[in-house]
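Going down the list, the sequences are from chains A, B and C.
Quick note on numbering: the numbering used here labels position 106 of the first sequence as 116, and the sequence is numbered without any gaps.
Quick note on numbering: the numbering used here labels position 134 of the second sequence as 642, and the sequence is numbered without any gaps.
Quick note on numbering: the numbering used here labels position 411 of the third sequence as 530, and the sequence is numbered without any gaps.
Honestly, the hints are just simulated from the structure, not real lab data.
This structure is a prediction, so every number in the text was calculated from the model and none was measured.
Every residue gets a Cβ at the ideal spot worked out from N, C-alpha and C, and that includes glycine.
The reader is advised that the hints may include incorrect statements.
To be verified - Calculated from the model, a selection of chain C residues having no Cβ within reach of chain B, i.e. all distances over 10 Å:
| id | residue |
| --- | --- |
| 1 | Ala179 |
| 2 | Asn225 |
| 3 | Glu292 |
| 4 | Tyr429 |
| 5 | Asn633 |
As the list claims (entries may be wrong) - Straight-line Cα separation of at most 20 Å, EDC-like style, residue types lysine to aspartate or glutamate; simulated pairs:
| id | chain 1 | residue 1 | chain 2 | residue 2 |
| --- | --- | --- | --- | --- |
| 6 | B | Lys871 | B | Glu823 |
| 7 | B | Lys692 | C | Glu287 |
| 8 | C | Lys691 | A | Asp23 |
| 9 | A | Lys52 | B | Glu858 |
| 10 | A | Lys52 | C | Asp600 |
| 11 | C | Lys688 | C | Glu576 |
| 12 | B | Lys907 | B | Glu764 |
| 13 | B | Lys862 | C | Glu243 |
| 14 | C | Lys690 | A | Asp23 |
| 15 | C | Lys688 | A | Glu45 |
| 16 | A | Lys74 | C | Glu604 |
| 17 | C | Lys662 | C | Asp641 |
| 18 | C | Lys245 | B | Glu858 |
| 19 | A | Lys74 | C | Asp600 |
| 20 | A | Lys52 | C | Glu648 |
| 21 | A | Lys74 | C | Glu287 |
| 22 | B | Lys627 | A | Asp23 |
| 23 | A | Lys140 | B | Glu606 |
| 24 | B | Lys777 | B | Glu823 |
| 25 | A | Lys52 | C | Glu679 |
| 26 | C | Lys341 | C | Glu331 |
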Amino acid sequence: MKGYKEIIASYADVPGGIIEAYHAVQKELSYLPEEAIFEAAKVFNIPVSEAYGVATFYSMFSVKPRGKNVIRICESAPCHVAGAAEVVAALERELGICMGESTPDGLFALEFTECVGQCQATPVITINGKPYLNVSPAKVPKILAEYK
Amino acid sequence: MAEEMRIVLRNYGKIDPLKIEDYIAQGGYKALEKARSMDREALIEEVKKSKLRGRGGAGFNCGQKWSFAYQAQADQKYVVCNADEGEPGTYKDRLIMENDPHTLIEGMAICAYAIGATKGYIYCRGEYPHLVDVLNTAIKQAKEKGFLDGFDLQVRSGAGAYVCGEETALIESIEGHRGEPRFKPPYPPSEGLWGKPTIVNNVETFANIPVIVEKGADWYASIGVPSYPGTKVFTLTGDINNKTFFEVPTNTTIRELIYKYGGGIPGGKKFKAVQIGGTSGAFIPEELLDTPVAFDNMAAIGATLGSGAVFVLDETRNIVDVVTRIAKFFEHESCGKCAPCREGTARMHEIMSKLNSGKGSAKDIETLSRLGRVMSYSCLCGLGQAAPAPVLTTIQHFKADYNAKLV
Amino acid sequence: MVNLTIDGIKVSVPEGSTILQAAKEVGIKIPTLCYHPDQSVKANCRVCVCEVEGNRLLQAACSTPVTEGMVVKTRTPKVIEARRTILELILSNHPQDCLNCPRNGNCELQTLAEEYFIRDIPFEHKVRGLAKDTSTPAIVRDPDKCILCRRCIEACSVTQSVYALGLEDRGHEAMVVPTMGKSLMDSPCAMCGQCIHACPVGAITENEQLDELLAAIADPDKIVVTQIAPAVRLAIAEEVGMKPGEMPMDVFVAGLRQVGFDYVLHTNFTADLTIIEEGNELLKRLNEGGVLPMFTSCSPGWINFCETYYPDLLDHLSTCKSPQQMFGALVKTYWAEKMGIDPAKIYSVSIMPCTAKKYEATRPEMQDSGYRDVDLVLTTREIGRLFRMSGIDFTKLEGAPFDSWMGKYTGAGVIFGATGGVMEAALRTVYEVVTKEELKDVNFTAVRGMEGIKEAEVDLKGTVVKVAVAHGLSNARKLMDQVREGKSPYHFIEIMACPGGCIGGGGQPITKSNAQRQVRIDAIYAEDESCEIRKSHENSEVKILYDEFLHEPLGHKSHELLHTHYHPKNKKYL
């Protein structure tokens, strides 16, 4: 696993590259630790207050530690009418946590997301960015098994 | 009855998107060659004459926009592709990029030549990480073939912010800032990315360009509705038999979309409402279904064409419930910069929730109407201006659903 | 010029003007909240929206440039409805406790709510219930009151380059927060208080300590002694409905006695003393090859900034304490002895234009008298409140003199209140000390005024001393970066944290524009002109102080009481 310093440094020459750098850090660490935000501020020569403002603006970034595999459930209208609520309930039940929480073993985080653009097969969830289509409560255990 | 016609999806299923040779074999990059042999002003004039209007939602004449950036004097200009497709129920840009990335790249390269830009960015939404690889591969291939000489094109990722579909917010995000819209004027063609003249067009808009250059403005202008010619890609969701996509000329009616292409409502249920253009679109009742989907025709019935999402609801759906969910979307996606959107979207959601849980009164509907009206012309950007549309149009057309839930 | 019509009135304004500016030309007031005359346009509150013919959308007057033939309407039913709705939205999550808000009666939102006839707000009243930030002894943030106009962020980052404030989250969750969402104390905050002036509402205020003063006054065992900083008198007038500088000094003194201060002395006295010590320190550094350029050390906001951002340059700071702290150290030693008062009974209160002074007084090193040197620091605004509470009609109050031994001052002490003043005062003295000749013209006008960085050269009979003056910390940063790079051409640099100097300090009457600062500066120099003695070394009470107590500048006693040292702040969240 690469350290955040190394990761951020590799984007130093990218104009406005802080968002790319944050993505790369999260790929390794699943969230943006304080130190990574300091480092990004330094590398991109912006105040820490601004680097923090960027980190907290985008819904994909988390400044709090969270589970390694981030499960995001679309709750936009097309998924909503297709039964996203039942999928939410199934995931919460299966993982024993509520939306917005992470499992105690640090394996999963549960989050809402807005539309992920796979609306031909609703409801949709993504795990670490990978979409799962036409998800039903019955499919949930099998999907999760891939990551256990 | 209009038939399906593929312009931006012309290579869908016909080529291996990761093989530039396939694209070239279909005539790809010929338009770029032709464009580069043309005088810049003549090229822009051609695009203008085609009457191609931006497919991102605002519907501005594309060539006109290019001419502003062309005329602007600057040491650096940029071409930016808005691939931050965030409208719920929309995935047409993904289809284009997944299946034919080179048409986008070619369209951008033509624009770059036209306005004199040497740098470009594709701002791809964070929800499409797989597309970043597709686009980078395609760019690399185009570079190797020498199609991108003098045009440095890069991909940037969003990170989960619907508002970044607004062009100035998108620019802020490319610059590495919070994706908050700027006030306008100045408009991007005069002051955009890093303060330089910038053209921001949607994926679908750029994908039209090579075909327009190749076949000519007159050919393009003759397709569909004259004021908004060409085709539009629609993605069908909700209570519809064919949850899929279609590219059709702009004189296609909403009814055709739902019943001809969409195959109607499943389970023999009756139609109740359709929301077109994404989650900020108007809800349209049965009696307006014969409206053509073109921009101005939609505007005439108080609706928008927007992204081309078609979200159908059958008779069993409760409008108030669906709109409450939509109101939550806007509360979550407001950037928080301007007061009427920041506070207004939250209050809209609050009042909708109250109505949806059966605790609302007629006075709440009145408040909602006033709030929506004020937001629609007071908010800083298109997000806040469009956010009340679902609420206002459902109060207008589906008042019975609201009344049924009153205390 | 561009011609347009606003509410039926024709107006011609220069190209590039906004609707807001054009409307002002013809006497039409358009309401604003996020607009600030000395800041960039934000256009985020939207209360300035107007109708522009041919446009369905209302246009923000603050950001929309005028165009030829434009027809603007600023008070149509559509506009009024929009403004009222926006105000209702803002108010619906704003605490409705105007009566006990520090900005009661001086709040832009409150004023607009009154003007726009806000009565029954249809939205549920919901306040977030966030905790106040009381982490610093100087500034209190009440985030529930924040209306997210972002003026404080610009004051902090652009004007001051302190970057202690930023945004967190987005949408309805968005908040203005100190760096990384921590407390102000953990942030690089310099406590200059410029954010307070920028804030249109009561979301940022000084740490109010009037109760502590009232308790001390009520305590028969305490002898309450006060010092008044030079910038205060000019501005206190504004707090009681007079124009800047309109309250005569002796009336101010009489007012302070009326409200219960036992002795009234003047910080100007130690301002003059600072000049003697600092002037001699400069000469010593010049003669003995000390660290140059030397920076002034009177402004505690600047000291905080230097300790935070330039810990490597602390040796450049004059070791002189600020006049407030020199006063504090002397009042419980020299003055107590002169007056025959037990220093343990002295409650030393300073009245300052400054919020950072509240912090400075709490520094652990500021106890050289054997007690806490300054017990309480109150701002001009707090004294204004006290005066209003007292019911005094200052136009009818008869003046009174300062008390003895530390009340006398010169014009040089007076000008400490304005940017360039410390430099000018120092030059008046240094010139005469070095050349042993009388200075013909005491006015060093090159270092005066609102220009961000000013420089001058003074010929001390063969020795040319190059000086620079900066006010506002962004300007200071430019000079500091020069020093850090080893490229500074100067020998002596004056820095005041606040724009305009102390007259624009964070504790002054809420200041909406630099124009207001300029009026106070003019009043300062008028007072200097009117002083019989305008050079610090000619202050007779200062002479007595040296004769009887300190013996010599930079001497043993001075080092013990009047000089200090600085510490890197080692802030994590820069």
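Now for the hints, and whether the structure bears them out:
For Ala179 of chain C, the condition that its CB be more than 10 Å from all CB atoms of chain B is violated, with the nearest at approximately 7 Å. Chain B leaves Asn225 of chain C outside its interface by the beta-carbon criterion, the shortest separation being 21 Å against a cut-off of 10 Å. With a closest Cβ-Cβ approach of about 7 Å to chain B, Glu292 of chain C is found to fall inside the 10 Å limit, against its non-interface label. Annotated as non-interface, Tyr429 of chain C keeps its C-beta farther than 10 Å from every C-beta of chain B; the closest such distance is 27 Å.
Chain B leaves Asn633 of chain C outside its interface by the beta-carbon criterion, the shortest separation being 24 Å against a cut-off of 10 Å. In summary, the hint linking Lys871 of chain B to Glu823 of chain B is not supported, as the alpha carbons are separated by about 27 Å, beyond the 20 Å threshold. For the hint pairing Lys692 of chain B with Glu287 of chain C, the CA-to-CA distance comes to about 24 Å; that exceeds 20 Å, so the pair is violated. About 25 Å separates the Cα atoms of Lys691 of chain C and Asp23 of chain A, which puts this hinted pair outside 20 Å; it is violated.
Our distance criterion of 20 Å between C-alpha atoms is broken by Lys52 of chain A and Glu858 of chain B, whose separation comes to about 41 Å. Restraint check for Lys52 of chain A and Asp600 of chain C: the C-alpha separation of about 17 Å stays at or below 20 Å, so the hint holds. A threshold of 20 Å between alpha carbons decides the hint, and for Lys688 of chain C with Glu576 of chain C the separation of about 33 Å lies outside it, so the pair is violated. Taking the CA atoms of Lys907 of chain B and Glu764 of chain B, the gap is about 26 Å. The hint is violated against a cut of 20 Å.
Between Lys862 of chain B and Glu243 of chain C, the direct Cα distance comes to roughly 11 Å. Compliance with the 20 Å bound is thereby established for this hinted pair. Our distance criterion of 20 Å between C-alpha atoms is broken by Lys690 of chain C and Asp23 of chain A, whose separation comes to about 27 Å. For the given pair, Lys688 of chain C sits about 19 Å from Glu45 of chain A by alpha-carbon distance, which is consistent with the 20 Å threshold. Between Lys74 of chain A and Glu604 of chain C the CA atoms are separated by roughly 39 Å; this puts the pair beyond 20 Å, and the hint is violated.
Of the supplied pair hints, the one linking Lys662 of chain C and Asp641 of chain C is violated, its CA atoms being roughly 29 Å apart against a limit of 20 Å. Of the pairs offered as hints, the one joining Lys245 of chain C and Glu858 of chain B holds, with about 11 Å between alpha carbons and a cut-off of 20 Å not exceeded. About 35 Å separates the Cα atoms of Lys74 of chain A and Asp600 of chain C, which puts this hinted pair outside 20 Å; it is violated. Under the criterion of a C-alpha separation no larger than 20 Å, the hint pairing Lys52 of chain A with Glu648 of chain C is inconsistent with the structure, at around 49 Å.
This hinted pair checks out: Lys74 of chain A and Glu287 of chain C have alpha carbons roughly 13 Å apart, not beyond 20 Å. Using a Cα cut-off of 20 Å, the hinted pair Lys627 of chain B and Asp23 of chain A holds, with the two alpha carbons roughly 16 Å apart. With a C-alpha separation of about 15 Å, the suggested pairing of Lys140 of chain A with Glu606 of chain B holds against the 20 Å cut-off. Straight-line distance between C-alpha atoms of Lys777 of chain B and Glu823 of chain B comes to about 7 Å, which keeps the hinted pair within the 20 Å bound.
A threshold of 20 Å between alpha carbons decides the hint, and for Lys52 of chain A with Glu679 of chain C the separation of about 41 Å lies outside it, so the pair is violated. For the suggested pair Lys341 of chain C and Glu331 of chain C, the alpha carbons sit about 12 Å apart, so the restraint of at most 20 Å is met.
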